[in-house]
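*Asks:* Sequence:
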Amino acid sequence: MTTPMMPDLSAPASSHTSSSRPVVAVTGADGFIGSHLTEQLVQAGYHVKAMAIYNSQGSYGWLDTVPPETMQHVEVQLGDVRDSGSVRALMQEAQTVYHLAALIAIPYSYVAPRSYVETNITGTLNVLEAARELGTGRVVHTSTSEVYGTARTVPIHETHPLQGQSPYSATKIGADKLAESYFLSFGLPVVTLRPFNTYGPRQSARAVIPTIISQIAAGRREIRLGDLRPTRDFNFVADTARAFRAVGEAGPEVLGQTLNAGSGQEITVGDTVRLIARVMGADVEVTQEDVRLRPEGSEVMRLLADASSLSAATGWQPGVSLEEGLRRTAEWFTDPANLARYRVDTYTV
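With the first letter of the sequence shown counted as 1, position 312 gets the number 301 in the working numbering; the numbers rise by one all the way through.
Since the hints were made in silico from the structure, they are not lab data.
Since the structure is predicted, the reported quantities are computational estimates derived from the model, not experimental observations.
There could be a bad hint or two in this list.
Claimed, not checked - Below, simulated DMTMM-like cross-link-like pairs (lysine to aspartate or glutamate); rule was C-alpha separation at most 25 Å, straight line: (1) Lys166 with Glu107; (2) Lys166 with Glu288; (3) Lys166 with Glu147; (4) Lys166 with Asp72; (5) Lys166 with Glu122; (6) Lys166 with Asp216; (7) Lys166 with Glu242; (8) Lys166 with Asp69; (9) Lys166 with Asp279; (10) Lys166 with Glu238.
Claimed, not checked - Using C-beta positions, here's what the derived DEER-type ranges look like: (11) Ala94 with Arg218: 15 to 25 Å; (12) Arg121 with Met290: 35 to 45 Å; (13) Ala94 with Asp334: 12 to 22 Å; (14) Ala301 with Pro56: 41 to 51 Å; (15) Gly240 with Ser45: 42 to 52 Å; (16) Gln306 with Tyr43: 18 to 28 Å; (17) Arg210 with Glu242: 44 to 54 Å; (18) Arg281 with Glu242: 15 to 25 Å; (19) Arg281 with Gly308: 25 to 35 Å.
Cβ atoms here follow ideal geometry from the backbone N, Cα and C, with glycine treated the same way.
Take these sequences, add in the hints, and give me the full structure.
*Replies:* Below you can see the structure in the form of C-alpha cells.
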C-alpha cells in the first residue's frame, strides 16, 4: 500500500505552482465542509481537483466564495458522484481522494430515500472502484455520527453498534460498510473519518445552529425549532477540516480504520439556543413547530464522541471552543451578503 506523498512545505506557500504541488481530489468540494477542506488543502501546499455537482448555471457552490488566490490552485470539475465517468476523471493523477459528496439532510431522506441510496451508496462505490482501477494512494471516506443512532453508551466509541434510524443514516452505514469491504477484499487503502456535528460559516440552514443564528441575525426573536431535548457534540468546521487532513496525511497504520472526530462535550439543543442568544446579545423565545420534528423512532436523542483513537493515531485535537466557534459563525451570518443567501422565513426539509 502506498503512503501519500507529503507536500514540501519548507519553501513559502507562494513559491508553489499548481504543477509542482502534489495533487489531491475532493468530491463534494462545493459543499459546506468540502469548501473549507479545499481551502485548507491549498494552504497546506496541495493542488486540489474539486468536484462540484453539475448545474446549468455553472455555479461552483461555496467555492464561488473562496478567494481567487486560493482558487488558482483549485481545478474545478462539474460532474456528479453518481456517474462513474465523472468520478474517474476527477481522480486521475490524484494521490489521495477525500470523498465528501453526499446527500445529508435527514428530513429530505424521508421524502426521497432512493436519491440517498444513489448518491451515498452508489456514489461511494464509484469512488472505491475508481481508486482500485487507478491505484489511488489513499481514499478518505466520510461517515457521520448519525450512523450510531441514539447512544446506548457514552462516550461513543467506534465499536458502538450502528443503528439506521433514518434513511440517511442507513445509506451512510451502507457506504461505510462498502469502504470497509474494499479494504478487506482488495486491500484498497481506505480510512473512514466519522465527524460528529460540524457547524460554521456556509452551513445549510437545515442544521440547527445556522437555523438559530440566521433567524436571530434576521431580527427574529421568536425562534422556530423542533425538539429541544437532544444532545449533540458540536465541532467547528475548521477543526473538522483539520481532522480530514490528519487522516489523509497520517501513516499507513490508519488504513482500514474508522475514526471519530468530536469534541467529547455534549449540549442540548435548548442550551445551544441560550448560548447562541448570549453570544449574539439577543433575548429570544423558542416556538416548537411540529413540521420540524423527526418521527419519534427516528430522532437521535444523544451523541457524544470518543475521539481518542483519532488523537492517538494523528495527534488531532479540536482547537476552537463552542463559544468561540459560535461567535465566528454568528459574525459570518450577520454579514448582509451572507444572510441574503438564506430563506430565513421558510422551513426547507
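*Asks:* Take the hints in turn and mark each one as holding or not.
*Replies:* Structure-based check of each hint:
no. : hint                           : in the structure
1   : Lys166 with Glu107             : holds, 15 Å
2   : Lys166 with Glu288             : holds, 23 Å
3   : Lys166 with Glu147             : holds, 13 Å
4   : Lys166 with Asp72              : holds, 20 Å
5   : Lys166 with Glu122             : holds, 20 Å
6   : Lys166 with Asp216             : violated, 30 Å
7   : Lys166 with Glu242             : holds, 19 Å
8   : Lys166 with Asp69              : holds, 22 Å
9   : Lys166 with Asp279             : violated, 34 Å
10  : Lys166 with Glu238             : holds, 22 Å
11  : Ala94 with Arg218: 15 to 25 Å  : holds, 21 Å
12  : Arg121 with Met290: 35 to 45 Å : holds, 39 Å
13  : Ala94 with Asp334: 12 to 22 Å  : holds, 18 Å
14  : Ala301 with Pro56: 41 to 51 Å  : violated, 35 Å
15  : Gly240 with Ser45: 42 to 52 Å  : holds, 44 Å
16  : Gln306 with Tyr43: 18 to 28 Å  : violated, 38 Å
17  : Arg210 with Glu242: 44 to 54 Å : holds, 51 Å
18  : Arg281 with Glu242: 15 to 25 Å : violated, 43 Å
19  : Arg281 with Gly308: 25 to 35 Å : holds, 32 Å
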